[in-house]
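Asks: The residues making up each chain are set out below.
There are 2 protein chains.
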Amino acid sequence: MSEFRKDPVTNRWIIISPEFRNRMNIPEKLEEVNSGPIPENCPFCPGHEDKTPPEIIAYRKGGEKNGPGWWVRVIPNKFPALMIEPPLKRRGIGMYDMMNGVGAHEVIIETPNHYMSLGKMTEKEVEDVLWAYYDRFTDLQKDPRMEYILIFKNHKREAGSSLEHPHSQIIATPIVPKRVMEEMKWAKKYYDYKKRCMFCDILTQEKEDGRRVIFENDHFITFAPFAPRFPYEMHIMPKEHQPSFGMIKPSEMPHLASALRDALRRIYLLLNDPPYNFIIHSSLQSRKDVSESYHWHIEIVPRLIKMTGFEWGSGFHINPVYPEEAASQLREVNVT
Amino acid sequence: MSEFRKDPVTNRWIIISPEFRNRMNIPEKLEEVNSGPIPENCPFCPGHEDKTPPEIIAYRKGGEKNGPGWWVRVIPNKFPALMIEPPLKRRGIGMYDMMNGVGAHEVIIETPNHYMSLGKMTEKEVEDVLWAYYDRFTDLQKDPRMEYILIFKNHKREAGSSLEHPHSQIIATPIVPKRVMEEMKWAKKYYDYKKRCMFCDILTQEKEDGRRVIFENDHFITFAPFAPRFPYEMHIMPKEHQPSFGMIKPSEMPHLASALRDALRRIYLLLNDPPYNFIIHSSLQSRKDVSESYHWHIEIVPRLIKMTGFEWGSGFHINPVYPEEAASQLREVNVT
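Just so you know, the protein sequences line up as chains A and B, in that order.
The first sequence begins at 374 in our numbering and counts up one residue at a time.
The second sequence begins at 374 in our numbering and counts up one residue at a time.
Certain hints may be false.
Identical copies look the same in the list; a pair holds intra-copy or inter-copy alike.
Unchecked claim - BS3-like, lysine-lysine: derived pairs with alpha carbons at most 30 Å apart:
#1 580 to 562
#2 451 to 438
#3 451 to 379
#4 562 to 424
#5 562 to 493
#6 551 to 424
#7 622 to 462
#8 462 to 379
#9 551 to 568
#10 424 to 679
#11 529 to 451
#12 515 to 379
#13 551 to 402
#14 562 to 497
Keep in mind that the hints were calculated from the coordinates and are not lab data.
Predicted model only: the values in this text are computed from it and were never measured.
Extracted from the complex, chain A is given alone in its bound form (with noise of 0.2 Å):
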């Protein structure tokens, strides 16, 4: 029987519907394949360093700038969808408005090996990801023109990914995504009326409820959202008030990794290494207006599932899987 649920963080509805089950697309089984020989003509792998763009920042022990040696590697984007230099330039054309691709892009190389990804590293590897993530955070924060950062991830070529070395995004923009405004608007509504973070009412009811709760450290907590447009669809949230991803502490880092690398993990086990979709959720610093209302999270879409008509003319889902189910599917499984 299926079921209308409205999620309270976007106000958008979606449909459960168990009868679209047979839609879903998940790999027979899990190929498990750690290393190989270096692809020539991959340009993330070490040693081809001079097919990018020069380094922005890695993590390396010795070795010298843009030759291998490094960790973890960050480069602008070789093809970017926007670019950092010109002056933003805001006009209208008639009833339209436009403004120059300002931006930042650019592509965290998140290891050496060509064959590893982050739901088989260590915490320790997968924590390195991260500081890469907030190195680069902070610093693009800086730029008085940006009004947001996004950092996101596709796995595998069904999810967006042209190129197969582990990598994820960052891009900055001029604007403010419709979709993380629209969040914003709605948590701070909620916070006018209730004076209280719409995101940590969330989490108690959450961890009050049970159902769809997956996993839980010190710091961070891991769960099915109660309208997920996606199978298996996870959203983890910091459990203390935190509007931005910028503001993490150095002793929380660990604990986001070990949440992240759970998760990843868990997907990979139960769905044998899915396609999937991450991305970070957060307000810069400087958003002061959204401080107490805001509060970061990373959301985590396995793609098992294609778009159709449907999801474009509506902007609705239709998700076949109650996510109490994926939850306890994914509690189930045994993280090694």
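Please build the complex by placing chain B on the supplied structure of chain A, with the hints as guidance.
Replies: Chain B alone, transformed into the frame defined by chain A:
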């Protein structure tokens, strides 16, 4: 050079970035197959009528109900996301809202020929499909529980189609979907301020500018929107103000068929029969509050690009093709 553009209808920013052109996946050549044997397991082929739920309507000359002889046939979806029978129940759990899955989910089988498609049909055949849309739309909107009716098509597997045989779908829901709600809200604001329909103003500006217009006949115009989410996206709009698809006049239907067939024919020939979705955005006739501000239209989106974490996370899209260029290419197609 990339550019931000804002869609006035949804207030959504998009990025046009020619650098992303290598992300587009256009079929290499047109494979024209117009006939073949009837696949044994296709439930939509003539002679297999017993493999579907009993028909709701069918256009036929003679022949038995639920037997062959039809040229357009409408059936309930065998795996419906929503069902019409139960009474609507709204309820809450703590801060969450939900309701049971009441609604309608129907399939329009567009032709008995498994190998046909709308882009290859005659205008008369397309018109009959549109009449089936109209018949079901006007019937379903009589149910007072239904707040919205969405007619859409998924062409090919990559666009979310699970069956090859040409078909479209109708979903009626007890809520107005988010995307449409936003359109209606912005259009209403615009109307309240200017006392003019926003869509009518867009049409005026598009006709004056001309660069994005692709096709025009007495009653309809096809254009590439100023801020398209997808490469080669097209919108078809009635030239006179008309809030609901249910208000189309019989004399206008052949013109709509001609415009829709023309648009699908152009992408068929230019982009080698790409996967696509189209969606009819329309208010119900009963929505008197938006009758002056809303203007129904068809959105056609070729699916040439995979969605990434950036789109999921931000809700704004990176489109590698300027709509002026897409329109110019689409205009030049020799439509036969």
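Asks: Check each numbered hint from earlier against the structure, then list the numbers of those it violates in ascending order.
Replies: 4, 5, 6, 7, 13, 14
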